[in-house]
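J.: Reassemble the complex: the two chains are provided individually, in unrelated frames, and hints are given to aid placement.
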Amino acid sequence: MALPYSEKVIEHFKNPHNVGRLEDYDAKATEGSPACGDMVTLYLKVDDKTQTIEDVSFESYGCASNIATGSIITELAKGKTLDEARKISWKTAAEELGGLPAVKVHCSVLAVDTLRAAIKNYEEKHGLVEDKTETTPDVVIKRLRHVMNPLKGLDIVRTNLVKDVSVDNGRVTVRVDLPRDHQFASNIEHEIEERLEPLWDVSEVHVLFNEDV
Amino acid sequence: MHEDMIYMDNAATTRVEPAVVEAMLPYFTEKYAVASSQFSHSPGIEAREALEASRATIAKALGARQAEELVFTSGETESNNWALKGVARAFRGKKNHLIVSKIESRSVLDSAKALEKDGVRVTYLDVDGDGFANLDQLRESITDDTFLVSIQQANEEVGTIQDIDAIAEIVKERGALFHTDASQSFRKVPLNLSETPLDLVTITAHLIHGPKGVGALYVREGTSIAKWMHGGFMEFDMRGGVENVPGAVGFAKAVEMTVGPQIGYMSALRDQLIDGLLERIPKTELNGPRHRRLPNNVNASFHYAEGESTLLHLDMMGIAVVTGSACFSRSLEPSYVMMAMGKTHEIAHGSIRYSLSRYNTEQEVERVIEATAEVIETLRRISPLGKDEE
Numbered sequence: 002m003a004l005p006y007s008e009k010v011i012e013h014f015k016n017p018h019n020v021g022r023l024e025d026y027d028a029k030a031t032e033g034s035p036a037c038g039d040m041v042t043l044y045l046k047v048d049d050k051t052q053t054i055e056d057v058s059f060e061s062y063g064c065a066s067n068i069a070t071g072s073i074i075t076e077l078a079k080g081k082t083l084d085e086a087r088k089i090s091w092k093t094a095a096e097e098l099g100g101l102p103a104v105k106v107h108c109s110v111l112a113v114d115t116l117r118a119a120i121k122n123y124e125e126k127h128g129l130v131e132d133k134t135e136t137t138p139d140v141v142i143k144r145l146r147h148v149m150n151p152l153k154g155l156d157i158v159r160t161n162l163v164k165d166v167s168v169d170n171g172r173v174t175v176r177v178d179l180p181r182d183h184q185f186a187s188n189i190e191h192e193i194e195e196r197l198e199p200l201w202d203v204s205e206v207h208v209l210f211n212e213d214v
Numbered sequence: 224m225h226e227d228m229i230y231m232d233n234a235a236t237t238r239v240e241p242a243v244v245e246a247m248l249p250y251f252t253e254k255y256a257v258a259s260s261q262f263s264h265s266p267g268i269e270a271r272e273a274l275e276a277s278r279a280t281i282a283k284a285l286g287a288r289q290a291e292e293l294v295f296t297s298g299e300t301e302s303n304n305w306a307l308k309g310v311a312r313a314f315r316g317k318k319n320h321l322i323v324s325k326i327e328s329r330s331v332l333d334s335a336k337a338l339e340k341d342g343v344r345v346t347y348l349d350v351d352g353d354g355f356a357n358l359d360q361l362r363e364s365i366t367d368d369t370f371l372v373s374i375q376q377a378n379e380e381v382g383t384i385q386d387i388d389a390i391a392e393i394v395k396e397r398g399a400l401f402h403t404d405a406s407q408s409f410r411k412v413p414l415n416l417s418e419t420p421l422d423l424v425t426i427t428a429h430l431i432h433g434p435k436g437v438g439a440l441y442v443r444e445g446t447s448i449a450k451w452m453h454g455g456f457m458e459f460d461m462r463g464g465v466e467n468v469p470g471a472v473g474f475a476k477a478v479e480m481t482v483g484p485q486i487g488y489m490s491a492l493r494d495q496l497i498d499g500l501l502e503r504i505p506k507t508e509l510n511g512p513r514h515r516r517l518p519n520n521v522n523a524s525f526h527y528a529e530g531e532s533t534l535l536h537l538d539m540m541g542i543a544v545v546t547g548s549a550c551f552s553r554s555l556e557p558s559y560v561m562m563a564m565g566k567t568h569e570i571a572h573g574s575i576r577y578s579l580s581r582y583n584t585e586q587e588v589e590r591v592i593e594a595t596a597e598v599i600e601t602l603r604r605i606s607p608l609g610k611d612e613e
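Protein sequences appear in the order of chains A and B. According to our numbering, the first sequence is numbered sequentially starting from 2. According to our numbering, the second sequence is numbered sequentially starting from 224.
For reference, chain B alone in the conformation it holds in the complex (with noise of 0.2 angstroms):
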């Protein structure tokens, strides 16, 4: 990437912390060896113990009751994966059915649509115009049958953030086992398992400046699921598997290096550009909730202009962003969560998504403000919409 790109693209990935990779080298080129039973060489029990170590720095972040409630996985996928097609494996024959809401991840959809085909009912809950998940209906459709209630904690493309204590409260209600994939929140929204009632939460490391490849699945003690990956007693015999040792450790340096004053810095910047592109840009339209929204999320409409040309725009400008627009997605449909949120395709192609990072700063996002202004205008003057209603 070029030294003076913007990158907007945090919800995508970020970049790796240096004292991440630093505290990661050892473990390729001399603390190689594999984190072996407490009886190993020594090379083995030091691979351990900082396995371990990791493990327990990032499950006390969680508020975990125990360190052995974290399994770690290759990342958020994977992790969701295995919350749902292994939590609907323990409970085969017994209950059959699970709900997701309908702007979840890729990774829990399309688990819930493999699962659907294999017999279970699923209930896909609808979102408000926020993308508030329908607790109303979640009251409805859940019974003594559900197994699994699987909402994110924040949504990835326009920041709203659940009010997952009240959608715990309804599913605790019922017996069900409750997941959340709180992979863009974790670090940037508090999220307390002490208090609050989860069985499983997925969190991953690239999203906060930690390295890519590797992630986890919280399992609250006694929580019903089949083991994952078979090959081996790893990971208290849930997945098997050689560890990643080097990857929970940087994902422990980066759960560290984390600090709670990010988050208000990331909102001061996100409130800056969205005021700033509301107030520049006429006809501009914020997608997702203003408040209870993730500190680093942007995503907004410019009438009359497409997402990606004004991407391209914007690239050839130097700043990195995405768009919700069909000709940018790879089956050239409009974003689902737009259209689960009830945005028009107009809405969905025109959207735009800046998504911030503790490395961004003010003055880039005065330059991002003013460089959209400029290739929105470029467009709308192509554009053979809205220029009637003048």
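Bound conformation, chain A alone (with noise of 0.2 angstroms):
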């Protein structure tokens, strides 16, 4: 019987690695809600001589691909530095995990997101970040870079959804190429939302589709 899954993710989504949460950790991240189907937290314990991961766990509320990047990324991340951990990106996680369906994509994301943000978290308590950069169409669009298209497994900027950024006063105009009753539109929408309104100076996020230009 034919499993959307790889054996790779099945094994790994029975028996997730890495699970549960730090005693002591340094640094701790969430990405996701249960609002949108998928959470994960994250925890990392870093020596903060070598800047290496020393320890790392998570915890999901998600589907098996989730679970299993989950547990991919942070057997992956164990012993790396900050920097090396940084760059394990999803594809990374789908290559070790012998592949994951196209509209299953965005649930591993979230999962890479929340290493990188668990990262960033213990940088900028460690005094490690550089100054706030203003947002401009430019950012908005490598945010959008973590949306996927669920119809290609690949994100809307590089499938070409996106037709239109526009950054005004803190307030986000994204013009997405599709029709307002299309399959995907409103979760596409929820997930432009959830990347752009954490911005530290974007006030408003407006999503628009063909019918409301």
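Errors might be hidden in some of the hints.
List of simulated lysine-lysine pairs, DSSO-like, C-alpha gap at most 27 angstroms [claimed, not checked]:
hint	chain 1	residue 1	chain 2	residue 2
1	B	610	A	126
2	A	15	B	325
3	A	79	B	610
4	B	610	A	29
Calculated from the model, a selection of chain B residues having no Cβ within reach of chain A, i.e. all distances over 12 angstroms [as the list claims (entries may be wrong)]:
hint	residue
5	239
6	253
7	275
8	345
9	353
10	391
11	412
12	463
13	512
14	539
15	563
Some chain B residues near chain A, calculated using beta-carbon distances under 10 angstroms [to be verified]:
hint	residue
16	227
17	336
18	527
19	528
20	536
21	538
22	569
23	571
24	572
25	610
Because the hints were derived from the structure by calculation, they are not lab data. The beta-carbon is built from N, C-alpha and C at its ideal position, and this holds for glycine as well.
T.: Shown next as structure tokens:
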């Protein structure tokens, strides 16, 4: 019988590695929410001399692809420096897992983003981050590269779904090349909002579909 | 399907009863003629007789006055499309308002949306937290312009059984037509057309251990509805195309084999499963009403555990169920039924539907309760949610 997941995904789903909470963690991050259907919390213990990840663990409320990605990336991150760990992408994770269904890529991206957020959290705590940069259309597009087009399993920028981006006084408008009643319109809208709203100088996010123009 | 699989997705489809297959077989290989007019060759007449006998059996089970009020279709989706679009067409230029509930099946909701695009005004009735349609809103929204009210008899996801008699009274007072999709409830919940003034009723064979691809639309004599399929005078000149004789025969056989005591049997399994899940697993919520519920439906949400993961674990343990989780759906949206009931996204994402049949057993239900408890414990252990409350 053909499950949509590879054997490796199923293996990590059934017996995820590095699950739970670290006793004395140095940094922690949570991405997603129960409302969006996937949520990951990740804990890091870092050797502050070598900037190496000594231990890492995660907790997941999510689907199989989310749990399996959490398991594989924590496995990959252990023993790496923060800079090395930051480079672990969902692509690396997907390759290690023997592939993921296109429609599930966003669940996997969430786990990877949580690792990066935890690294950032550590750096912020230890004064290792640069100054706040202003949100420009380029910054927005960079963020939109994390929003998946579930039809393709690639991001919405690469698959040309983003028609226009404008930033005006904290108000971001993103024009998406889909009809509003498209199967994935509402899902993409939520994901765009989730990606952009946390930006420090963004107050409003508007997603426009074909009919809105 | 593996022999040991515990199949609890009977609201999606059911296993065909072996006696039904047996009844159908001669109509593929021996009595395969087209059901033709009474002046045809004898094989054609034989096929016609089989078709009409099947029609009579099913019509009688519905309490229809005449067998001719039952028109065979390809199933629920077609019957619902025809009921809405056929009646809308018959009233075009005369009446322009349609009422449906927010938790109708996709075939009703999508037909309503399609009609909306054609200029029909549509009211989508709210439901309460248990899925019961808001009858005050029905009374307020129905007007002389309303040509049809379409409200299902029972919901496929959460099992809610609507008060069809009360709805019929409101609808008839205003002179509108009343359609109910009884696909999930046919032969499980009483419905008698000699008592309830329904104009149109959708039923389907594959949910009562009959074959897929055959259903019917009951059309009360004198109901204004446009012809559905053009291409011949079949089915009283309402639906052209070669009649599905083996399907009709199988449908009738399935009706005959679905008898009263099976309802009591399924209800007992349902209650055993509901009680077991609620007692055995803390922080479990039953979705849908405790009473006035389909005898074979259980739908529960387990806090802090996501539905698709629950489903996959249960599948690997040999249990087939479905979830209202967005991760499972083709649109990545949580169940619209749960959303209409005012449930949170989290409850929708965590919902699991178990739908039973007369083939399920007490032992299976016991195994399912234990397996679910085990899976939920595992998922809660790795979940970031719910731990700080303890």
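J.: Give a verdict on every hint.
T.: Checked hints:
no.: 1; hint: B:610 to A:126; in the structure: 25 angstroms, holds
no.: 2; hint: A:15 to B:325; in the structure: 37 angstroms, violated
no.: 3; hint: A:79 to B:610; in the structure: 25 angstroms, holds
no.: 4; hint: B:610 to A:29; in the structure: 16 angstroms, holds
no.: 5; hint: 239; in the structure: 21 angstroms, holds
no.: 6; hint: 253; in the structure: 36 angstroms, holds
no.: 7; hint: 275; in the structure: 42 angstroms, holds
no.: 8; hint: 345; in the structure: 15 angstroms, holds
no.: 9; hint: 353; in the structure: 22 angstroms, holds
no.: 10; hint: 391; in the structure: 33 angstroms, holds
no.: 11; hint: 412; in the structure: 33 angstroms, holds
no.: 12; hint: 463; in the structure: 32 angstroms, holds
no.: 13; hint: 512; in the structure: 25 angstroms, holds
no.: 14; hint: 539; in the structure: 7 angstroms, violated
no.: 15; hint: 563; in the structure: 15 angstroms, holds
no.: 16; hint: 227; in the structure: 13 angstroms, violated
no.: 17; hint: 336; in the structure: 8 angstroms, holds
no.: 18; hint: 527; in the structure: 6 angstroms, holds
no.: 19; hint: 528; in the structure: 8 angstroms, holds
no.: 20; hint: 536; in the structure: 8 angstroms, holds
no.: 21; hint: 538; in the structure: 8 angstroms, holds
no.: 22; hint: 569; in the structure: 4 angstroms, holds
no.: 23; hint: 571; in the structure: 9 angstroms, holds
no.: 24; hint: 572; in the structure: 5 angstroms, holds
no.: 25; hint: 610; in the structure: 8 angstroms, holds
Checked against the numbered hints listed earlier, the structure breaks hints 2, 14, 16; every other hint is satisfied.
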